[in-house]
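Spelled out, the chains give:
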Amino acid sequence: MKSVSLSFAAAVTALVLTACGGAAASRVGGGRIVAVGAENQYANVISQIGGRYVAVTAIEHSPNADPHSFEASPSIAQTVAAARLIVQNGLGYDTFMDRIESGSASRSRRVIVVQHLLGLPDSTANPHLWYMPRTMPALARELAAELSAIAPAHRAYFAANARRFESSLEPFQRALVRFARRYPHTQVAVTEPLADYLLRAAGAVLATPFALQADVMNGVDPAPQAIAYQNELLARHRVAVLVYNQQVTDTLTASFLAQARSGHVPVVGFYETMPEPGYDYQSWMLAEVNALERAVADHVSTERLR
Amino acid sequence: MGQVLRAIVEPGFFASGLVQRAALIGALVAVVAACVGVFTVLRGQSFAGEALGDIGAAGGSSAYLAGVAPLWGFVAIAVAAAGAIELIGVRHARAAFRDLATGIVLGFGFGLAALFLYLGTIEQSTSGEPVTILFGDVFLLDSSLLPLVAGFGAVALALVLVLYRPLLLASVSGELAAARGLPVRALGALYLLALALAVALAAVTIGAILSTALLVGPAATALQLTRRPSHAIAAAAALGVAAVWLGILAAWDSYYWPPLHHGWPVSFFVVTFVLIGYIGARLWSRRSGGG
Numbered sequence: 001m002k003s004v005s006l007s008f009a010a011a012v013t014a015l016v017l018t019a020c021g022g023a024a025a026s027r028v029g030g031g032r033i034v035a036v037g038a039e040n041q042y043a044n045v046i047s048q049i050g051g052r053y054v055a056v057t058a059i060e061h062s063p064n065a066d067p068h069s070f071e072a073s074p075s076i077a078q079t080v081a082a083a084r085l086i087v088q089n090g091l092g093y094d095t096f097m098d099r100i101e102s103g104s105a106s107r108s109r110r111v112i113v114v115q116h117l118l119g120l121p122d123s124t125a126n127p128h129l130w131y132m133p134r135t136m137p138a139l140a141r142e143l144a145a146e147l148s149a150i151a152p153a154h155r156a157y158f159a160a161n162a163r164r165f166e167s168s169l170e171p172f173q174r175a176l177v178r179f180a181r182r183y184p185h186t187q188v189a190v191t192e193p194l195a196d197y198l199l200r201a202a203g204a205v206l207a208t209p210f211a212l213q214a215d216v217m218n219g220v221d222p223a224p225q226a227i228a229y230q231n232e233l234l235a236r237h238r239v240a241v242l243v244y245n246q247q248v249t250d251t252l253t254a255s256f257l258a259q260a261r262s263g264h265v266p267v268v269g270f271y272e273t274m275p276e277p278g279y280d281y282q283s284w285m286l287a288e289v290n291a292l293e294r295a296v297a298d299h300v301s302t303e304r305l306r
Numbered sequence: 001m002g003q004v005l006r007a008i009v010e011p012g013f014f015a016s017g018l019v020q021r022a023a024l025i026g027a028l029v030a031v032v033a034a035c036v037g038v039f040t041v042l043r044g045q046s047f048a049g050e051a052l053g054d055i056g057a058a059g060g061s062s063a064y065l066a067g068v069a070p071l072w073g074f075v076a077i078a079v080a081a082a083g084a085i086e087l088i089g090v091r092h093a094r095a096a097f098r099d100l101a102t103g104i105v106l107g108f109g110f111g112l113a114a115l116f117l118y119l120g121t122i123e124q125s126t127s128g129e130p131v132t133i134l135f136g137d138v139f140l141l142d143s144s145l146l147p148l149v150a151g152f153g154a155v156a157l158a159l160v161l162v163l164y165r166p167l168l169l170a171s172v173s174g175e176l177a178a179a180r181g182l183p184v185r186a187l188g189a190l191y192l193l194a195l196a197l198a199v200a201l202a203a204v205t206i207g208a209i210l211s212t213a214l215l216v217g218p219a220a221t222a223l224q225l226t227r228r229p230s231h232a233i234a235a236a237a238a239l240g241v242a243a244v245w246l247g248i249l250a251a252w253d254s255y256y257w258p259p260l261h262h263g264w265p266v267s268f269f270v271v272t273f274v275l276i277g278y279i280g281a282r283l284w285s286r287r288s289g290g291g
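Residue numbers (the numbering used here), protein chains in the order written: chain D, 1 to 306; chain X, 1 to 291.
Only chain D is shown next, with the shape it has when bound in the complex (with noise of 0.2 angstroms):
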């Protein structure tokens, strides 16, 4: 199933691509650099930086699959081979990605490495490093060197649209300090570290304990006494927002939904890939913010971007 819907959603992200460059390439790439992004998130910021001159597949994008645990299937295989830059997280979120990739040795192939790119250690606990507001903006300025790297005539047009992607995050990022401005230490439980570097960008409070988050992310049960201690937060109103994972939902994270209901804490739903269609990387982080603040300014939950 998921390979078919994989490998579907490939051929349409190519034909799409194909329909915006306007020149009618029949195979994939058409001249241009092809690219693969691991998760749709960078997929995304590269077709961003790389405009006209990319063809630019995603791995990871399905709303309701849990990237932890992907499976990669032949296709893919295919497409990473004919890739002439990739794009990964690294901290083991998408080692998927570096079986593939030795499995189709190539010299001309760069692959930019998310985790090496801003230096961090391979005991780095949380690895989302897309909620990380420093992270797309190294990413910019690094793809338009490697694609300007493949090719130079186009170096020019490549960091225009580094700058112009940057400019694009403003919002985004004001969005965030005037979140820490107008509600500063504010106390949010968690089920996951899904948005935790975003929320500590944003001036909040982990009030949930990290070990719980490691356990729900890694799919193992947590000790009865941490459980009990985020209901805790929950029941008496210890917190003013539980943000959950969208996409990895189990009888552990519903229970904590359904408390956070019970002792009226709104909720809010961070995505683990990017929400498609309708947005890109910085509507969706702002989409994301917004949604946090209407939790907290006017106790809306948010369960759902639309």
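Think of the hints as simulated: they come from the structure by calculation, not from any bench.
All values derive from a computational prediction rather than experimental measurement.
Glycine included, C-beta positions come from ideal geometry on N, C-alpha and C.
Incorrect hints may have been included.
Heads up, incomplete: computed chain D residues facing chain X, CB under 7 angstroms, no partners named [as the list claims (entries may be wrong)]: (1) D221; (2) P224; (3) D250; (4) T251; (5) L252; (6) A297; (7) V300.
So these bits of chain X aren't anywhere near chain D, every CB distance computed over 12 angstroms [unchecked claim]: (8) L5; (9) L100; (10) A101; (11) L246.
Fit chain X to the given chain D structure using the hints.
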């Protein structure tokens, strides 16, 4: 006394709603599993019990896909599998063929579980669910399960108690029961229904794979201690409840153990106490010249 208690029981244990709920549901399940389990051991059908629990994983995972409580899936598939085992194995009284039939159904059930757990993880993002389905977590049981557990448990207990005498005779000696005109096959089928319900309850409590420990462990231990079935049932129920409660206590305490300070899975402790009980009973019965 209070000092000793504090040394054994870490803070907050008795006050925790999670513990109270787990202790109540766990005790109910342990009693049902132990009572049915005595007959399972007497009839030599431990493998069928194991198989029904494992197959239950398919039910638990499909229930999650369908968005209903896993217990419904465990019960539905265990009852269906019990029917399949009965249909395949009934014409062949030989235990070897009965085990063969059970094994074949078991293999298929595990295949289904693999499919449903895969779909659940990949399509519905339930990454934590396989661990819970296969290995259980009594602390994660919802209080809305209580009436269901009580209801299914009551049916299983009622079946065993109403059929107590004829079922006992048919379990110990099928020929004798048949000679007395008892409907041996119908008894066997009704007993399998009780077994399916007991296994489903055990599976939802300590996990599909470990359910058999709660079913045959306390029963086998009790039968080491006493030959009288009524005494064995009472002892098995007490042993099962003790294993579950001690397991819950140990899991709670393990949160404070170095070096992890993280908490160990409760199902591990339950089956550990079941095993300790069995070994203890073996040693005791050997020393007193029993077994």
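Please flag the earlier hints that this structure goes against, numbers listed from lowest up.
6, 7
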